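Listed below, chain by chain, are the residues.
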Amino acid sequence: GAGVSQSPSNKVTEKGKDVELRCDPISGHTALYWYRQSLGQGLEFLIYFQGNSAPDKSGLPSDRFSAERTGGSVSTLTIQRTQQEDSAVYLCASSLSHMWSETQYFGPGTRLLVL
Amino acid sequence: ILNVEQSPQSLHVQEGDSTNFTCSFPSSNFYALHWYRWETAKSPEALFVMTLNGDEKKKGRISATLNTKEGYSYLYIKGSQPEDSATYLCASEMDSSYKLIFGSGTRLLVRP
Numbered sequence: 483g484a485g486v487s488q489s490p491s492n493k494v495t496e497k498g499k500d501v502e503l504r505c506d507p508i509s510g511h512t513a514l515y516w517y518r519q520s521l522g523q524g525l526e527f528l529i530y531f532q533g534n535s536a537p538d539k540s541g542l543p544s545d546r547f548s549a550e551r552t553g554g555s556v557s558t559l560t561i562q563r564t565q566q567e568d569s570a571v572y573l574c575a576s577s578l579s580h581m582w583s584e585t586q587y588f589g590p591g592t593r594l595l596v597l
Numbered sequence: 002i003l004n005v006e007q008s009p010q011s012l013h014v015q016e017g018d019s020t021n022f023t024c025s026f027p028s029s030n031f032y033a034l035h036w037y038r039w040e041t042a043k044s045p046e047a048l049f050v051m052t053l054n055g056d057e058k059k060k061g062r063i064s065a066t067l068n069t070k071e072g073y074s075y076l077y078i079k080g081s082q083p084e085d086s087a088t089y090l091c092a093s094e095m096d097s098s099y100k101l102i103f104g105s106g107t108r109l110l111v112r113p
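Respectively, the protein sequence lines represent chains X and B. Residue numbers 483 to 597, in the working numbering, belong to the letters of the first sequence in order. Residue numbers 2 to 113, in the working numbering, belong to the letters of the second sequence in order.
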């Protein structure tokens, strides 16, 4: 079946602009995660959605970052007033449930460059 | 501070060589250890999820071991092939059942 998809695959924007990144999880997966990888760093947890529960936003680096998940499926990560330090690969993942040791399946990522 | 460390940072080997790399993680409140392979411009691909001390898993020429008491996991590749060239990531699940804490990865290049 189809895997996790993300769009756009690449995004170049100017400092101060807003950007929206989209994630389509695997059908039937209830849990959805956003991570990012900045240059030279490991993947960093950003936010987690599970069903209708309140999302865990503890990894969001600032209030310029927000995310929503509509209808328990597609998710959008929004970065307002982008800064150069926001340049990174943003990865989305989904899993069948939120149980421990559940495999998280990743999308190909969106490469964001803020000039 | 929860740190997952991977070594070496990068590795160049000849086709046919066997190789291994290390992932170390805090052993307290351990839930599971995940290994991923990430090829350039592709999605990270799940290799293994390991939970039990002494666990060993195998997928083709790739295998992994887990020591939860001392907080390390080894990934082995037998008879490396150029298509094994990728970044290998490990991630620890601790305290919660969903946040993965990733290491910085080991970048493997296999020369033909």
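A couple of the hints might just be wrong.
Said to hold, decoys possible - Keeping only pairs whose Cα atoms sit at most 25 Å apart, straight-line, the calculated BS3-like set for lysine-lysine is:
{"no.": "1", "chain 1": "B", "residue 1": "43", "chain 2": "X", "residue 2": "493"}
{"no.": "2", "chain 1": "B", "residue 1": "43", "chain 2": "B", "residue 2": "60"}
{"no.": "3", "chain 1": "X", "residue 1": "539", "chain 2": "B", "residue 2": "100"}
{"no.": "4", "chain 1": "B", "residue 1": "79", "chain 2": "B", "residue 2": "60"}
{"no.": "5", "chain 1": "B", "residue 1": "79", "chain 2": "B", "residue 2": "58"}
{"no.": "6", "chain 1": "B", "residue 1": "43", "chain 2": "B", "residue 2": "59"}
It is worth saying that the hints were derived from the structure and are not from the lab. No experiment lies behind these values; they were computed from the predicted model shown.
So which of the earlier hints does this model not fit? The structure conflicts with no hint, since it agrees with every one listed earlier.
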